[in-house]
Amino acid sequence: MELTRRDAVAALSALGLGGTLAGCVAPPGSEPVAVEHLRETLIAAAEVVYPSAVSGIEPFVAAFLEGRLADRAHVAGLDEAVAELDGNARVWYDAEFAALSVADREQVLRNVGADDADEDPSGTASERVRYYVVNDLLLALYASPTGGELVGLENPQGHAGGIGTYQRGPNA
Amino acid sequence: MSWDRAPAGSAASGADGDADRTPVANADVCVIGAGPAGGIVADRLAEAGREVVILEAGPRFDPDERLARQERAIRPAYDRPDVWDGDPERDAYKSTGERFYPLNHARARGVGGSTLHWQGMVMRLHEDDFDSASVRGVGADWPIDYADLQPYYAAAERELGVAGAADNPFAPPREEPHPMPAFPPSYSDSLFAAACDELEIAMHSVPNARNSEGYDGRSACVGYGTCQPVCPSGAKYDATVHVERAERKGATVIDHAPVQRLEHGPDAIEAAVYATPDGESHRQSADAFVIACGGVETPRLLLLSASSHYPDGLANSSGLVGRYFMDHLFAGTGGVLDEPTRQNHVGFLTSESHQFYDEADAEQAPFKLEFFNYDGPSPVELALTGDDWGDDLLERLRSDYGSHIGMGGLVEQLPREDSYVGLDHSTTDDHGNPVPNVHWTVGDRALETIERVNEVQERILDELGAEITWQVGPEGTGPAYHHMGTTRMGSAPTESVVGPDLRTHDLENCWIASSSVFPTAGAMNPTLTIAALALKAADHVLETMSSIR
Numbered sequence: 001m002e003l004t005r006r007d008a009v010a011a012l013s014a015l016g017l018g019g020t021l022a023g024c025v026a027p028p029g030s031e032p033v034a035v036e037h038l039r040e041t042l043i044a045a046a047e048v049v050y051p052s053a054v055s056g057i058e059p060f061v062a063a064f065l066e067g068r069l070a071d072r073a074h075v076a077g078l079d080e081a082v083a084e085l086d087g088n089a090r091v092w093y094d095a096e097f098a099a100l101s102v103a104d105r106e107q108v109l110r111n112v113g114a115d116d117a118d119e120d121p122s123g124t125a126s127e128r129v130r131y132y133v134v135n136d137l138l139l140a141l142y143a144s145p146t147g148g149e150l151v152g153l154e155n156p157q158g159h160a161g162g163i164g165t166y167q168r169g170p171n172a
Numbered sequence: 001m002s003w004d005r006a007p008a009g010s011a012a013s014g015a016d017g018d019a020d021r022t023p024v025a026n027a028d029v030c031v032i033g034a035g036p037a038g039g040i041v042a043d044r045l046a047e048a049g050r051e052v053v054i055l056e057a058g059p060r061f062d063p064d065e066r067l068a069r070q071e072r073a074i075r076p077a078y079d080r081p082d083v084w085d086g087d088p089e090r091d092a093y094k095s096t097g098e099r100f101y102p103l104n105h106a107r108a109r110g111v112g113g114s115t116l117h118w119q120g121m122v123m124r125l126h127e128d129d130f131d132s133a134s135v136r137g138v139g140a141d142w143p144i145d146y147a148d149l150q151p152y153y154a155a156a157e158r159e160l161g162v163a164g165a166a167d168n169p170f171a172p173p174r175e176e177p178h179p180m181p182a183f184p185p186s187y188s189d190s191l192f193a194a195a196c197d198e199l200e201i202a203m204h205s206v207p208n209a210r211n212s213e214g215y216d217g218r219s220a221c222v223g224y225g226t227c228q229p230v231c232p233s234g235a236k237y238d239a240t241v242h243v244e245r246a247e248r249k250g251a252t253v254i255d256h257a258p259v260q261r262l263e264h265g266p267d268a269i270e271a272a273v274y275a276t277p278d279g280e281s282h283r284q285s286a287d288a289f290v291i292a293c294g295g296v297e298t299p300r301l302l303l304l305s306a307s308s309h310y311p312d313g314l315a316n317s318s319g320l321v322g323r324y325f326m327d328h329l330f331a332g333t334g335g336v337l338d339e340p341t342r343q344n345h346v347g348f349l350t351s352e353s354h355q356f357y358d359e360a361d362a363e364q365a366p367f368k369l370e371f372f373n374y375d376g377p378s379p380v381e382l383a384l385t386g387d388d389w390g391d392d393l394l395e396r397l398r399s400d401y402g403s404h405i406g407m408g409g410l411v412e413q414l415p416r417e418d419s420y421v422g423l424d425h426s427t428t429d430d431h432g433n434p435v436p437n438v439h440w441t442v443g444d445r446a447l448e449t450i451e452r453v454n455e456v457q458e459r460i461l462d463e464l465g466a467e468i469t470w471q472v473g474p475e476g477t478g479p480a481y482h483h484m485g486t487t488r489m490g491s492a493p494t495e496s497v498v499g500p501d502l503r504t505h506d507l508e509n510c511w512i513a514s515s516s517v518f519p520t521a522g523a524m525n526p527t528l529t530i531a532a533l534a535l536k537a538a539d540h541v542l543e544t545m546s547s548i549r
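Protein sequence lines correspond, in order, to chains A and B.
Residue 22 in full-length UniProt numbering is what sits at position 22 of the first sequence, and the numbering runs on without skipping anything.
Residue 461 in full-length UniProt numbering is what sits at position 461 of the second sequence, and the numbering runs on without skipping anything.
These are computed hints drawn from the structure, not numbers from a lab.
Please read these numbers as outputs of a predicted model, since none were measured by experiment.
We put the beta carbon where it would ideally sit given N, CA and C, even for glycine.
Please note that a few of the clues may not be correct.
Stated by the list, open to error - Per the computed footprint, the stretches of chain B lying under chain A, defined by three or more beta-carbons under 8 Å from a beta-carbon of chain A, are:
id	segment
1	33-47
2	64-72
3	157-165
4	326-335
5	405-412
Unchecked claim - So the derived label-pair ranges between C-beta atoms look like this:
id	chain 1	residue 1	chain 2	residue 2	range
6	B	E339	A	E2	57 to 63 Å
7	B	G137	A	A172	48 to 54 Å
8	B	G214	A	D94	56 to 62 Å
9	B	E213	A	E149	42 to 48 Å
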C-alpha cells in the first residue's frame, strides 16, 4: 500500500503538528542542524521499521519531518539520536547509518538497544533512539489512514477520519 | 514528571510572568475553580452584570497545543497525568482507604478542570435517585426532587450541547428534545443488539456532550478517537467554553492562583487568600463566594480554613465536611469473537442499557450497562511497545487487533461516614499545605451488585458467542473518577453542609457548586447534574444578592 499525501497530513496531525504541508520549514533557533542528514537517516530507518507492504516512504517521512522541524526541542533530541546511530554505524561498519544496507541498519538499531528499550525522550541513548527515531516513525505510520488499513482500521487513533467508519461493518 | 521528558510536541503550561494576578477591586462574586461548575456559575453571574473573578489553581492551557497533548495520550512515555501537565508536588495526596484511590488519574488541574479529560457522557439521574432512603430504603433523600432539577437539566443540556435521542424507555421524563441528534449506533452495537434482543435486554442511545453536528461555534466530532483524555477538535464540551464566555461578559480569570484559605468571620467569608507564581500572596474580597473545586479540593479548602470560629473546618458545624466520599464502581466483561468487531474507530460510546437501573433496592444498587466501541488494543498504541518492527510488528498488530468486544457498567456506592476526604498533615504540597487524604470505602451493596452486573454481561457475551477473556469484578473494581458527596446537601444543618439552595448552612455568603453536594451518587455520570446544580446555585446567588441590594 502506498503512503500518500493524505497519510502525511494525518501523520502531522497525530504528531501534534497541525496538519498542513506548506513547503520547507527551517528549524527555528540558532544552532545549525543538518536537516538533509536527519531526513536521510529517518528515511533509512523507516525502511527497516516499516512493513514491506508499504511504499512511498520517502515523501511521507520527509513530510512529517518537515513538521517536526518547527519544534526546536524535538529537533535537538532527534539530532542526538541520529548521532547515536551514526556513531554506532561508524564503529561497526565504518559508514553513516543511512549509507548501510537495510540489514546492517537493522543491526545498528539493535546494537543501540532500540528494539528492547521503552521510549523516553530524556532517557538513555537506547530510549531516545526508540523515542525520536523508531517510535516517531511508527506513530506516524500507524496513526495514518494507510497504516490503519494495514491493520484493518481505517480511522486509527490520532487521525481525524470522521464518524462514518465506526458505523460500518467489515464488508462495507 | 513530564518536564524531564519534554517533547511530545513540547506542550507546556508555564505561568505567564507578565500576567496581572492582582485581586479584582469591588468584586461581587469570587468563584473558586474554573471547571464546569465554576465556569457555568461565573457565566451566569457575569451575564447578570455582576463583577466576577475566577481563581483557578492550575494553568490556562493553549488550545493550539491540544494535538501535542493528544500525542502524549498515545505515546507510552507519558502517563495519564502528564497529558495535562500534572505536577506530583503540587498534586500530592494520600490514599489510606481499603482500596487505593488514584486521585491524579482522576482529575485535571487548570481552566476547564476535569472536563478537559472526561469521557463526556451526560445522563440525568433517575427520579428514584433523589429519594433513595424513601424508595430504596438505603442512603439519603435529596432535599430536592427530580422535578425541581428538571428545568435545570434541560438548560444544562443546552449549555453543554448534548447529542441524544428519546429512545431510552427507562430515562426520567423530558420536556424537550436534546439539542442535537444522537450519534448513530456503531457496528459493534449491531452485534450486541442481536444478542440483547434474544435476552430481551433493551439497548438505547447515549447522551453525549459531544457535537454530532456543529453547535455553539464548535465543530462536529471529527473522530480523533482520543476523547479521554483530550479532544483536539473541541467537539467534546469542556468548561473552557463557559470560562471564556464569562470572560467575554466581563469576568476576570486569574490562573496559577491556588486558594490557600478562606478568611472569614462567624457568618461570612471575607476574602480568598491565594498564592501566585511570583511567590506573592493576595487577598481577593467579594460579597459572595462560590466554591467549585470538585469533590476533593472543595472539602480540603474548607478544612484548611479552620479557625477559632470553626475549629473543625469552615462551614463544618455538622462535622460532615469531607465525609460521605463516593465514586461509581466499574464492572466490566469482555472477550473475543471469531469475526471482526470494528473497535477503536472513535473514543466514545453510542449504546447503553438502563434496563436494570430502577430494580435497585436496599440490597441491589442501581447500575447501568455500557457497550464499548473501543475494547481491546489500539493498534497505534500497540505499535509503540514491544521489541519488533517491520513485517513482524504488522503481523502482531493484525493478530491482536480486530475481534475484541466488551462491556462496562457503573454501580452506585452508598454514602458512608467511613469513606472520606481529610487532611494528611504529614505531607505538604508545594505551598506547604497538608495534602488531601482520600480514604475510600466502598461497602457490600456495591460489591455484590458488581457480581450481578458481571452476570448480566456474561449472559450477553455468551449469547453473542464470545470467548470471555477478561472481567472486572468486585475484587478488581476501581473508581470511575467521579468524586461525590463530601459537602452533602440536606435540609438539616446537623446532617448536611449545604442547604437545598446550595448555600452553606454556616455562612450566609458561601455557595458550593460541585458533585461534592450530592447526598447519594446514583449510577449516572455526574457532570450533567453538576451543571444543573451550578445553574441552580447561580440563581440562588443572584436572588440573595438582589434581596440584599
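How the hints compare with the structure:
With 0 residues bearing a CB less than 8 Å from a CB of chain A, the segment 33-47 of chain B misses the requirement of three and the coverage assertion fails. Evaluation of the coverage hint for the segment 64-72 of chain B: fulfilled, as 6 residues show C-beta separations to chain A shorter than 8 Å, against a requirement of three. Chain A is given as covering the segment 157-165 of chain B, and this is violated because 0 residues of the stretch bring a CB closer than 8 Å to a CB of that chain, at least three being needed. For the segment 326-335 of chain B, the stated coverage by chain A is violated: 0 residues have a C-beta nearer than 8 Å to a C-beta of that chain, whereas at least 3 were required.
Figure legend: the segment 405-412 of chain B, annotated as covered by chain A; annotation inconsistent (0 residues with Cβ-Cβ distances under 8 Å, at least 3 required). Between E339/B and E2/A, the C-beta spacing of about 29 Å breaks the proposed range 57 to 63 Å. At roughly 50 Å, the beta carbons of G137/B and A172/A sit within the given window of 48 to 54 Å. Separation of G214/B from D94/A is about 60 Å and conforms to the stated range, judged on CB atoms against 56 to 62 Å.
Here the CB-CB span from E213/B to E149/A is close to 27 Å, at odds with the stated 42 to 48 Å.
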